[in-house]
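Participant: Put together the whole structure using the sequences plus the hints.
Chains as they are written, first to last, in numbering that gives the first Met the number 0: chain R, 0 to 109; chain G, 0 to 109; chain H, 0 to 124; chain Z, 0 to 124.
Treat the hints as calculated values from the structure; they're not laboratory data.
We put the beta carbon where it would ideally sit given N, CA and C, even for glycine.
Where hints are given, some of them may not hold.
What the hints assert, rightly or not - Derived contacts from chain R toward chain H, CB cut-off under 8 Å, selection only: (1) Ser53; (2) Glu73; (3) Leu89; (4) Leu103.
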Amino acid sequence: MDISKTQYKRCDVVKTSGRISSLTASELEEAFGEVLEDKKFGIVFDMSEIEFISSRGLWVLLETQKTCKKSRGELVLANVPENIQGTFDLAGMKHFFTFYDDVLSAVGNF
Amino acid sequence: MDISKTQYKRCDVVKTSGRISSLTASELEEAFGEVLEDKKFGIVFDMSEIEFISSRGLWVLLETQKTCKKSRGELVLANVPENIQGTFDLAGMKHFFTFYDDVLSAVGNF
Amino acid sequence: MLEEIGALVVQTAQDAGFNPKDCYALQLAVDEACTNIIEHGYGGESRGEIECSCSYAGDQLTVVLRDWGQTFSPEDIPEPNFNVPIDKVQTRGAGLFLIHKIMDQVTFEFNTPNGNTLTMVKQKS
Amino acid sequence: MLEEIGALVVQTAQDAGFNPKDCYALQLAVDEACTNIIEHGYGGESRGEIECSCSYAGDQLTVVLRDWGQTFSPEDIPEPNFNVPIDKVQTRGAGLFLIHKIMDQVTFEFNTPNGNTLTMVKQKS
Ligand SMILES: Nc1ncnc2c1ncn2[C@@H]1O[C@H](COP(=O)(O)OP(=O)(O)O)[C@@H](O)[C@H]1O
Ligand SMILES: Nc1ncnc2c1ncn2[C@@H]1O[C@H](COP(=O)(O)OP(=O)(O)O)[C@@H](O)[C@H]1O
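Facilitator: Here you go:
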């Protein structure tokens, strides 16, 4: 999993590509963990290049969201592919996240 | 001159295309004026599609910058084409503006 | 292994004319099921075999997963509850829930002469 | 009119082999000069004629603009001063400054039998 992180004034953008499954979810967790460790609780997750996410991936997002919200921050999702949007729906977790059409709108709303 | 404006939480992005000359500078002035009238003093000017800017255009930018700074805001410039960057240099006005490589970094720094 | 089983199921579903959304969902269900076998049935990675068969007939795609790991009582597993504030959400346990959401029939059989089988059926829409 | 004169000069400069940066700068200088004639010489838009000739010889591009409007004293026009805080900057008067920055020679002649002429020369680099 390629992971890139970009810092902006009021949020960090994390972008990864490929599959977020039981095999790779921990890498994503680590990536978010590094941002959270810096006490930065505004995160945009750019999902444009995510091909697949399993429940393990969803949990990483939910746990990260918990941590962010506890510190009055937020994890928001940008560029979420249709299939993955569908998984959030199916799992009934959609309402825990704000979805943005692109990274610019996501960053612009922090 | 096509003018588009997008509002974000902490700044507005103004984008126009074509030539900013004595003939069209007033349209740009009006566009900025509308944003300023809303008491929004954080502005990103996306210059990616600007082909030409004359001193009239530079003055509009400088006046807008004055107004923004007076209210602790800022007009910043994104995607400035090389030739136009050169004009800011030549005129000796470069130091009044922050230049960003893209709109995302500009918005992300408000 | 996990991704190969997923690929096999997606291929079968595509060939059978399932739409892309359902193909994706099938891949997800199978991934969740295999992950559970690996992590709960076998208690970790690469500790045992999973056999997968996948067939299409009468507008139904049937996936059978077979393993020789630990058994459990699916009917005792509660559904996750997301109608609570986020800080109250119990993180864990959406895999079975997603499998049931995606598949039309889900049947567990444990300790048969051929090990444990999980049979999942999805109707073509 | 303004854009046509600019286009003529850019075309001549391109044909003469000026680099894109200098072509752009030439367009800017000519635009500034014409704007001044229109706004200051003629006191508004479309109130009078501007003649433009443009030639290239001996590595020099020469642009001549001719008008029959008001005259002025170029030597009395101060350069803009940008070494001050922004709220102290006098907004107005960068056109002549840019023309001088861009061109290698700038010559005004007023009230000749053929009107006022502005001759601007740029060396090819
Ligand atoms: N194949 C399996 N073998 C043994 N236990 C299982 C199996 N599948 C599921 N379980 C049990 O059911 C629970 C819920 O599974 P699931 O909904 O997939 O969530 P998770 O795997 O995240 O806990 C598991 O925690 C485990 O106790
Ligand atoms: N062609 C002209 N005819 C008359 N006055 C001129 C002409 N060009 C320049 N000027 C005078 O010189 C001043 C400075 O010109 P310039 O540097 O181009 O800035 P601006 O046009 O913005 O004032 C003008 O305000 C005007 O008084």
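Participant: Next step is simple, just say for each hint if it's right about the structure.
Facilitator: Okay, the hints, checked on the actual structure:
1. Ser53: holds, 5 Å
2. Glu73: violated, 11 Å
3. Leu89: holds, 5 Å
4. Leu103: violated, 26 Å
Against the hints set out earlier in the document, violations occur for numbers 2, 4.
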